[in-house]
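Protein chains: 2
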Amino acid sequence: MRTTTLQIAILAWATAFFSVGPTLKGQESAAKYTIVIHGGAGGDPTAWSQEYQQQRRDGLTTALDLGVRLLSDKQAALDVVEQVVRSMEDNPTFNAGRGCVLNQQGHHELDASIMDGRNLNCGAVASVTKCKHPITLARLVMTETRHVLLMGAGADELGSIHQLEQAEADYFRTERQRLRWQKWLDKQQKSAGPVLGEGRVPYLGTVGCVVLDQHGNLAAGTSTGGLMGKRWGRVGDSPVIGAGNYADNGTCAVSGTGIGEEFIRRSVASDIAARMRYAGHELPTAAAATIATLPDNCGGIIAVDAQGNAVMEFNTPGMSRAFANSSGERSVLLGREDASAS
Amino acid sequence: MRTTTLQIAILAWATAFFSVGPTLKGQESAAKYTIVIHGGAGGDPTAWSQEYQQQRRDGLTTALDLGVRLLSDKQAALDVVEQVVRSMEDNPTFNAGRGCVLNQQGHHELDASIMDGRNLNCGAVASVTKCKHPITLARLVMTETRHVLLMGAGADELGSIHQLEQAEADYFRTERQRLRWQKWLDKQQKSAGPVLGEGRVPYLGTVGCVVLDQHGNLAAGTSTGGLMGKRWGRVGDSPVIGAGNYADNGTCAVSGTGIGEEFIRRSVASDIAARMRYAGHELPTAAAATIATLPDNCGGIIAVDAQGNAVMEFNTPGMSRAFANSSGERSVLLGREDASAS
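One line per chain: the protein sequences are A and B, in this order.
For the first sequence, our numbering assigns the number 1 to the initial residue and increments by one for each residue that follows.
For the second sequence, our numbering assigns the number 1001 to the initial residue and increments by one for each residue that follows.
One thing to keep in mind: the hints can contain errors.
[To be verified] Cβ pair distances, simulated, as ranges:
# : chain 1 : residue 1 : chain 2 : residue 2 : range
1 : A       : Q188      : B       : G1335     : 53 to 59 Å
2 : A       : K190      : B       : D1296     : 56 to 62 Å
3 : A       : Q50       : B       : H1107     : 52 to 58 Å
4 : A       : E157      : B       : P1295     : 37 to 43 Å
5 : B       : D1296     : A       : E329      : 51 to 57 Å
[To be verified] If you want a taste of the chain A side facing chain B, the calculated C-beta under 8 Å gives, among others:
#  : residue
6  : K32
7  : L66
8  : A155
9  : W232
10 : G242
11 : S270
12 : Y278
Bear in mind the hints are in silico, worked out from the structure with no lab data behind them.
Since this is a predicted model, take the numbers as computed values, not measurements.
Think of the CB as a built atom: it goes at the ideal place given N, C-alpha and C, for glycine as much as any other residue.
Generate coordinates for the entire structure from the input sequences, incorporating the hints supplied.
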């Protein structure tokens, strides 16, 4: 009933054998690639100004075009993921790197993680403040230490030793986010009592990228400023491998966005892979089943499998997202529009 | 071929109906319980002094006896896990709470997490220094905030607001660990160059507890001081839900110990549950298969399922561990002895 390990091994050997054949004959351009990105699943895009909607679409388009260019050029999945996430970290429209949301004290604290589908190598940072590109610092943790997750000043110190590009607080804290934070603070101060539970706060604009490259490898990256007005040293799912980020060539690459706590308790990203690995589900079925376990209006995920199948699944009013592949399919979307519409 | 949600619902209803029946007739003592604990999988117990071996056995016995007493008394799984882990945090023999290993600067930084199998509620803290019982602070995160993972000073602040018992540095840093740290430091200073990769350091004495209570509920808790000489704000698997700790009534409760990075990249704890949930494996098969994916000499796990089956699986020279259930079965073990021998 279930495929045995031996059957899988024979299939893998046969696939490798026959796919190497054509490559040796110089038909390299037959190799496929797929890229999917997201810019967060918070807020209702139909309530956004036309201008802000356009900023989001422009940011997604810039990142997607960069990814497609690198993938066409046969770049490695891990490099593409890093470069595409850096592009979104640089863009103040998204809640990652420059333009991130601010915590209770009006400060910035950034989380990121990256994972290599070839070997499960991964790196992550939580609550860093100095490195301009947290996704690059996460990659440094993966390649330059024996660790997976570093937090706070220690992680920043590693970035400084390796001379990663640093930035001052004013770089990260944009005027738009200062105003949003001030508005949030005024509201908090008018409400009775201390804000132990933090009330209902928007979870906006975490970014992520998943890729199948022309070499058949998967990778995933996620970067965020967390949630507006956060305190207590709260860490969400973005730097938690298996919750908000995961990649394994044998199954899929996943990046999540939403209420991180719900992603952590369900190991959302690795749960999608586990449904493929153990229940034999295809990626779309697996992803839909995992998202169906989340509370309503909780978040979403992007994913890609080793055949280049892409999934963009969410249970909120919208998820800023974009997709492209080597067959020329392409979409850039914000709300609940049909993925085939754009 | 696969059981449908409807079938499961009918089965759950029928089980609840028929199990409530006898209880109402006063046959409450028929309910089963199981407890499994560990005190870390590092080091080779055959190389330890008789005195240290006895300290380990005594610590495990004290914690196990406490757990058995509470479970016989029909206490809830979550309360039992918290109390048993507190007992091991108080015991300087284990690397958790008092007697934890020290980081590069000779300071203590504690991690812990707890999870409720009834509803996937969970809480975790990373790198806290003030709270005498990190497992209780982790439970506070679960019950008193909307978050799952809090780190550093913010987490300590939460404990202080809720008037959890605090302790000074001298309480955590025992003479034995100071001496071990000094020895480690001398060795580091003699070696050439900066210690970027941290070299080979012992991973000793993380503690954990998993329980099936008489009400049929599962819970898991894990607490640790991390690894000797750690730096960079490194966070291991103990506070990462799904990696070093997990509980779900539908599958199992798991607590891990070992090289945390390997546990994080494989989502070890939730992977065992996923093999049960999606591949239909029994707990022993699932746990053995997951441990088989780890590198040699990496660590181990304890686990219990809803039927009270217990597993203590490791791929190191030893794992300090103990087990007891309502049928009177019992063992307290350190090395590779057969579980039936003690």
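Against the structure, the hints:
| no. | hint | result |
| --- | --- | --- |
| 1 | A/Q188 - B/G1335: 53 to 59 Å | holds, 55 Å |
| 2 | A/K190 - B/D1296: 56 to 62 Å | holds, 59 Å |
| 3 | A/Q50 - B/H1107: 52 to 58 Å | holds, 53 Å |
| 4 | A/E157 - B/P1295: 37 to 43 Å | violated, 28 Å |
| 5 | B/D1296 - A/E329: 51 to 57 Å | violated, 44 Å |
| 6 | K32 | violated, 26 Å |
| 7 | L66 | violated, 27 Å |
| 8 | A155 | holds, 6 Å |
| 9 | W232 | holds, 4 Å |
| 10 | G242 | holds, 4 Å |
| 11 | S270 | holds, 4 Å |
| 12 | Y278 | holds, 4 Å |
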